[in-house]
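**Q** Put chain B on the given structure of chain A with help from the hints.
2 protein chains.
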Amino acid sequence: MKRYEALAAQLAALVEEGVLRPGERLPSTRTLANNHRVSPATATQALYLLEDRGIVQARPRSGFYVNAHWRAAQPPAVRKPPVKAATLDVSELVFEVLATIRQRDVVPFGSAFPDPSLFPLDKLAQMLGRSARRMDPWRTVEGMAPGSDELRRQIARRYAVQGVRVRPDEILITAGALEALNLCLQAVTRPGDVVAIESPAFYAALQTIERLGLRAVEIATDPVHGADLASLAAAIKRHRVAACWLMPTFQNPTGATMPVERKRELVALLARHGIPLVEDDVYAELHDGADPEPPAKAFDAEGLVMHCGSFSKSLAPGYRLGWCAPGKAFVRVERLKLTTSIATSIPVQDGIAEYLKHGGYDHHLRTLRGHFRAQRSQLLAALDAHFPAGTRATRPRGGYFSWIELPGDRDAMALYRAAAAKGISVAPGPIFSAQRRFANCLRLNYGHPWTDATARALATLARLAN
Amino acid sequence: MKRYEALAAQLAALVEEGVLRPGERLPSTRTLANNHRVSPATATQALYLLEDRGIVQARPRSGFYVNAHWRAAQPPAVRKPPVKAATLDVSELVFEVLATIRQRDVVPFGSAFPDPSLFPLDKLAQMLGRSARRMDPWRTVEGMAPGSDELRRQIARRYAVQGVRVRPDEILITAGALEALNLCLQAVTRPGDVVAIESPAFYAALQTIERLGLRAVEIATDPVHGADLASLAAAIKRHRVAACWLMPTFQNPTGATMPVERKRELVALLARHGIPLVEDDVYAELHDGADPEPPAKAFDAEGLVMHCGSFSKSLAPGYRLGWCAPGKAFVRVERLKLTTSIATSIPVQDGIAEYLKHGGYDHHLRTLRGHFRAQRSQLLAALDAHFPAGTRATRPRGGYFSWIELPGDRDAMALYRAAAAKGISVAPGPIFSAQRRFANCLRLNYGHPWTDATARALATLARLAN
Chain A
2 MKRYEALAAQ
12 LAALVEEGVL
22 RPGERLPSTR
32 TLANNHRVSP
42 ATATQALYLL
52 EDRGIVQARP
62 RSGFYVNAHW
72 RAAQPPAVRK
82 PPVKAATLDV
92 SELVFEVLAT
102 IRQRDVVPFG
112 SAFPDPSLFP
122 LDKLAQMLGR
132 SARRMDPWRT
142 VEGMAPGSDE
152 LRRQIARRYA
162 VQGVRVRPDE
172 ILITAGALEA
182 LNLCLQAVTR
192 PGDVVAIESP
202 AFYAALQTIE
212 RLGLRAVEIA
222 TDPVHGADLA
232 SLAAAIKRHR
242 VAACWLMPTF
252 QNPTGATMPV
262 ERKRELVALL
272 ARHGIPLVED
282 DVYAELHDGA
292 DPEPPAKAFD
302 AEGLVMHCGS
312 FSKSLAPGYR
322 LGWCAPGKAF
332 VRVERLKLTT
342 SIATSIPVQD
352 GIAEYLKHGG
362 YDHHLRTLRG
372 HFRAQRSQLL
382 AALDAHFPAG
392 TRATRPRGGY
402 FSWIELPGDR
412 DAMALYRAAA
422 AKGISVAPGP
432 IFSAQRRFAN
442 CLRLNYGHPW
452 TDATARALAT
462 LARLAN
Chain B
2 MKRYEALAAQ
12 LAALVEEGVL
22 RPGERLPSTR
32 TLANNHRVSP
42 ATATQALYLL
52 EDRGIVQARP
62 RSGFYVNAHW
72 RAAQPPAVRK
82 PPVKAATLDV
92 SELVFEVLAT
102 IRQRDVVPFG
112 SAFPDPSLFP
122 LDKLAQMLGR
132 SARRMDPWRT
142 VEGMAPGSDE
152 LRRQIARRYA
162 VQGVRVRPDE
172 ILITAGALEA
182 LNLCLQAVTR
192 PGDVVAIESP
202 AFYAALQTIE
212 RLGLRAVEIA
222 TDPVHGADLA
232 SLAAAIKRHR
242 VAACWLMPTF
252 QNPTGATMPV
262 ERKRELVALL
272 ARHGIPLVED
282 DVYAELHDGA
292 DPEPPAKAFD
302 AEGLVMHCGS
312 FSKSLAPGYR
322 LGWCAPGKAF
332 VRVERLKLTT
342 SIATSIPVQD
352 GIAEYLKHGG
362 YDHHLRTLRG
372 HFRAQRSQLL
382 AALDAHFPAG
392 TRATRPRGGY
402 FSWIELPGDR
412 DAMALYRAAA
422 AKGISVAPGP
432 IFSAQRRFAN
442 CLRLNYGHPW
452 TDATARALAT
462 LARLAN
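Chains A and B are the protein sequences, given in the same order. Each number in this note's numbering corresponds to the 1-based position in the first sequence with 1 added. Each number in this note's numbering corresponds to the 1-based position in the second sequence with 1 added.
Treat the hints with caution; some may be incorrect.
Each pair of labels, with its calculated beta carbon distance range [said to hold, decoys possible]:
| # | chain 1 | residue 1 | chain 2 | residue 2 | range |
| --- | --- | --- | --- | --- | --- |
| 1 | B | R191 | A | G164 | 43 to 51 Å |
| 2 | B | R418 | A | L366 | 49 to 57 Å |
| 3 | B | H274 | A | A231 | 31 to 39 Å |
| 4 | A | G275 | B | A78 | 49 to 57 Å |
Some but not every residue of chain A turned toward chain B, in silico, with C-beta under 8 Å [unchecked claim]:
| # | residue |
| --- | --- |
| 5 | F96 |
| 6 | M136 |
| 7 | P138 |
| 8 | W139 |
| 9 | V142 |
| 10 | P192 |
| 11 | L337 |
| 12 | T345 |
| 13 | I347 |
Don't read these hints as lab results, they were simulated from the structure. Ideal placement from N, C-alpha and C gives every residue a C-beta, glycine not left out.
Chain A extracted, bound-state conformation (with noise of 0.2 Å):
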C-alpha cells in the first residue's frame, strides 16, 4: 500500500468509526503532514482519494468535509430463526454460487478468501523445499494421525499466547480446518441426530449436517454478539440436541464475536447438558487489536469443547493445513481420521512447522491485520456514500466479512444474479441458512486491496441495489 493510500485509509477509518462525522472538516493539508509525518503533496493525494470514494468534498477555499450523505452504518438487528429442527437441502444453491465466485476476473466481494498475494507464499515455498530435502523417509510411515510432533508443539504454544491450554497430544493435524470440523462433527453424533448452528450460519455447517444425515436447529444470533444463549437454551430443552457447531469469533457470515463472559457462559451451559461444541475459530490470527480474542476451548474444564483451527486464512491458502483439539473425544477423531484419510501430507506439516519456528509469523500477521483493517474501513466508507439508505453494515473486529442487511424486501438473490451478469461477486443471504432466510442479506469481503476497480465495482453494485 502506498503513503497516501494507507493515509486515507486512517482517515477513513476515523469517520466510519464517527470519530469524524458527516458535515464535519477534515484537518488541514499542513496539519496532516505534520501529524503523519508525510509530504503536503502526499497529504493531497489521500484527501483527493477519498474525495474519489464519495467519503469526503472538497469545499473551495475551506478544504475537506466529510460527506454530508455518508451515514455511520447500524449492524443488522438480530433474527429470530424458527425452533424446529430440519433436514437440509441447501447443497445445491450453495456449490451455484460458490462456482462463481471462485473466478480471478470477477470482483471478489464474495470470496470466501482474502487476496492470496497477502500470504508470505515465497518464504513459504522455501520453508517447504528445506523441510522436504531434510526428512527422515520413515517419517512417511510414522507420521501417522494425529500428526508431526513439532507442528504440534508449535500449534500448542499460540494456544499458550492465547491464554488456552492445549497440550501438544492433544492436538490433531488435518487436512484444512474443514476437515477437522467434519471429523469432530461425526465423531460426536449419528445419523438423525440434531445439531444446533447460528442463522445465519457458515454454508459449510449446513453441507456437512447434510451429508451425515444430521438435522439441524437454527439458534438466534446476533450479528454484533453472536449466538444467542437463550435460544440455544430453548432449542436444548424442546430436541435432543447432540451437538453444537459454532463460531464464538469473528463468526461466518456476520462477523460476530461473542463478549468474553457469553462465551464462558456458552460453555457452561453445554457442559451442564453434557453436550459438545464443534467450536470453528478458523479466524482467530486475524482480529484487528493488539490482544487476540479467547475461545470458548479457554473456558472448556470438561474436554467437550473441539477447537478447530487452520493456516488457510492466516499463512498457508492452499495449504491444505488445520488441526483440532477435540478434547476428551480424541481417539474418536483420531480413529476417523485414520479411516478416512490416514494422514495429513507430511512435506506440507514440515514446512508449515518449519515457518512457524522461523519464518516470521507473528510480523506477517501484524501486517496482515492492517491490511484487512483498512480494507475494512474502506468498505464500510464506501457502503455508506453509495448504499441506499436504511442498508445495515456490521464492523467486525476480526476476519475480512461484513454482514449487510438491505432495507426492505430487496432481493439478495436477484442482485447476486445481477452483480454476477456485471463481473462482480458477492455472498447472498439464502446460502448461510438451512431455511434460505436472510433474503435481504448479503456477505462483503474485505480481503482485498481496495483499487479503483474495487471502488467502482461498489458503486456498481449499490446502484443494482438501489
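**A** Chain B alone, transformed into the frame defined by chain A:
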C-alpha cells in the same frame, strides 16, 4: 543392491518358480560368471548368500544344490464366506494391530508400506520446493476440487499408457487413495445399504463400511484369481447390492489378480444390474513384468467403474496424493470432496506434477519393481525353507504382499502377539474379514530390502508357527 545380491535374487527366483527343483545342482561358479557377466568372486558370493538363506547347500567338491527341504509353496485355496450381509465392528481390532506394525524398530512383515528409502524423496523434495516457489498465488483460490489441471493431464497420460481412456476432466485429485475410495463409496450409497467386498478384504474397506453405517456381504475370493463372479452374482441375487468395493489387481491382502477376461465379465455383470464398482487399484504401477495389468475401468462403457489410484505406494509416501476417475458419479464425488476437505494441497499437487513431467518416474518404477521382485523371491524361498510343512503362500505378480495360510488350526492372532513380543510384526488374517475369518492366515510384506535381520526374523517367526 550389490551385484552379488542381484545375482542371488535371480537364482532364488529360479528356485522359487520351480525352474530349479529341490536336489538339483546349480550352475558352476564359472558358468554363472560367464552367463551373468560378473566376476567369479561375485558368483561365489551370490552362492554363499543363498546358502546363508537356506535356499541352497554346498556339497564338498561337487557344487551347490537346491536344498532338499525346499518345497514350492502352493497358494491358499478359496474359502467360501457366509452369504449374509452384516454390519461391522472390526475397527477396534484393526486399530490395535496397526499401532504395533507402524514402529520403525520392528521387523515390518506386518507393515502396509514398503521401505520409504526405496523412493526418490530427495528429487521429490526438489520438485516440491521448485514448484512451490513458482506457484501463482491465485491457484490457492482457484485450485479447488477437482484439482490441478497439469496433474490431471499427467495422470490421464499414464492411463493412456495402460490402454485406459480417461480424460483429464474425468479425474478428481484427492488426499491419498483412501479419501478417493471413501468419497466414491459414499457418493453411491446411503446408510443401511449393502456393499460387496472381497474375502479376505483390505481392512480399510471394512472400516469405511462400518463408519458409513453400511452393511457388507463378503464374496468368495481366490487368493490367485481374485473375486469369484458366481459368488458375486449370488450375492446380487440375494441382496440389493448398492455397490462393490474390489481390488481386481494385486489385491490386498492376497496379491490376487483377476484374469483379464474375469475383469471384463465383472464389469459386464455389474453393468447388467447398474451396480457401481469402486475399484481400488493403488498397486497398479507395481507389477513385476513388462506389461501393466489393465484395470476393470478399461472395460467400463457405462461410467459405473470408479477407479481409484495413488502415488503413496509407487512414488511419494507421506505426500498423501491420490485420485479417482469416478465415471458418471463425478459431480457427486466432487461435491463430497468440496464439503469434506475443499481441495488437496496445491503445492503437493504441483510438486508431484512436476516430478511426473521431469523426474524420471518410469526409471524409478523399473528400479522399484526390481526390488520387489527380488524381495518376493527371498521371502518365498525363506518361507519354504523354514515354515511348517503344509504352509501355503501366494506369489503375486505385483504389489508387495504375500498371503500365507498356516497348516491346520494354528492361530494367527496368537502368532501376531508372540511375534510382536519379539519385535516382529505380522498382519493377522482376522483383520481382513468382517466375520474375523482367516484365523490361520497372515499377510507378509516384502516391500523392504532383505537383510540378515529379516532372515533371522523370518526364522524366528517360523519357530513360533511350528
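**Q** If a hint holds in the structure, say so; if it does not, say that too.
**A** Comparing the hints with the structure gives:
1. B:R191 <-> A:G164: 43 to 51 Å: Holds, since B:R191 and A:G164 (Cβ atoms, about 45 Å apart) stay within the stated range.
2. B:R418 <-> A:L366: 49 to 57 Å: holds, 50 Å
3. B:H274 <-> A:A231: 31 to 39 Å: violated, 54 Å
4. A:G275 <-> B:A78: 49 to 57 Å: holds, 52 Å
5. F96: holds, 6 Å
6. M136: holds, 7 Å
7. P138: The hint holds - A:P138 has a Cβ within 8 Å of chain B, the shortest such distance being about 4 Å.
8. W139: holds, 5 Å
9. V142: holds, 5 Å
10. P192: OK, holds: A:P192 within 8 Å of chain B, min 6 Å.
11. L337: holds, 7 Å
12. T345: Result: holds, 7 Å to nearest chain B Cβ.
13. I347: holds, 4 Å
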